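Chains as they are written, first to last, in the working numbering: chain S, 1 to 111; chain Y, 1 to 117.
Treat the hints with care, as some may be off.
In silico DMTMM-like pairs for lysine to aspartate or glutamate, Cα to Cα no more than 25 Å straight-line [as the list claims (entries may be wrong)]:
hint : chain 1 : residue 1 : chain 2 : residue 2
1    : Y       : Lys-42    : S       : Asp-67
2    : Y       : Lys-41    : S       : Glu-14
3    : Y       : Lys-42    : S       : Asp-92
4    : S       : Lys-3     : Y       : Glu-98
5    : Y       : Lys-41    : S       : Asp-82
6    : S       : Lys-3     : S       : Asp-67
7    : S       : Lys-3     : Y       : Glu-22
8    : Y       : Lys-42    : S       : Asp-82
9    : S       : Lys-52    : Y       : Glu-105
10   : S       : Lys-54    : Y       : Glu-105
11   : S       : Lys-52    : Y       : Glu-98
12   : Y       : Lys-41    : S       : Asp-11
13   : S       : Lys-3     : Y       : Asp-65
14   : S       : Lys-54    : S       : Glu-17
15   : S       : Lys-110   : S       : Asp-11
16   : S       : Lys-106   : Y       : Glu-105
17   : Y       : Lys-42    : Y       : Glu-22
18   : Y       : Lys-55    : S       : Asp-82
19   : S       : Lys-69    : Y       : Glu-105
FYI, nobody ran anything at the bench for these hints, they're computed from the structure.
Being a predicted model, the structure only gives us computed values, none of them experimental.
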Amino acid sequence: LAKTTQPISMDSYEGQEVNITCSHNNIATNDYITWYQQFPSQGPRFIIQGYKTKVTNEVASLFIPADRKSSTLSLPRVSLSDTAVYYCLVGDMDSNYQLIWGAGTKLIIKP
Amino acid sequence: GAVVSQHPSRVICKSGTSVKIECRSLDFQATTMFWYRQFPKKSLMLMATSNEGSKATYEQGVEKDKFLINHASLTLSTLTVTSAHPEDSSFYICSAREGGRGSYEQYFGPGTRLTVT
Chain S
1 LAKTTQPISM
11 DSYEGQEVNI
21 TCSHNNIATN
31 DYITWYQQFP
41 SQGPRFIIQG
51 YKTKVTNEVA
61 SLFIPADRKS
71 STLSLPRVSL
81 SDTAVYYCLV
91 GDMDSNYQLI
101 WGAGTKLIIK
111 P
Chain Y
1 GAVVSQHPSR
11 VICKSGTSVK
21 IECRSLDFQA
31 TTMFWYRQFP
41 KKSLMLMATS
51 NEGSKATYEQ
61 GVEKDKFLIN
71 HASLTLSTLT
81 VTSAHPEDSS
91 FYICSAREGG
101 RGSYEQYFGP
111 GTRLTVT
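Chain S on its own, in the form it takes in the complex (with noise of 0.2 Å):
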């Protein structure tokens, strides 16, 4: 069963900030939270991870609050080619770290 929530899908346009919200209101202490894009017919990409607070690197950022139940991974600036489906997922970097993956978030940037 998986751990997280996210919205099924979402557009935006080239050159606007996206933001996708993932919800993950049982993540326990040793989880951390995850975000990796896939595009068809490829396995998934990395693209970012955190604990708590905000962690930012060259392609995007991503937001925890206090509580860490929810997190936001925010792209800057989107293109055409970043059109795929984007994951959250949790897991506890203690254990095997097994990562149980949702359905993610499609996302679609148009001209």
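Mind docking chain Y on chain S? Use the hints.
Frame of chain S; chain Y shown alone:
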């Protein structure tokens, strides 16, 4: 960066035959590898977790005698689909995790498209 390869990328086989899929970590040692399958427009489903040198742990509902997993070295894991049937047609993806505490990021392979005719 860490790279995981899979071979073959696509395979078509006849019903009743066996197919082997390889998963390799190219520039790191993977103490743990995971095998997933994914149906069209669906999410990834974890099939099994394998640790180098030990037997794989299969998820509930996954037949271990049908999906044979071998993780004989720190850079190679194989998934063999035995006596394949059309319902085994799917996209199979492996991921690898580097050893050591704190190494919790999984690196995914490009996937293998299996079609059983």
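Going through the numbered hints above, which ones does this structure break? Give me the numbers in ascending order. The structure conflicts with hints 1, 7, 13 and 18, although it agrees with all the remaining ones.
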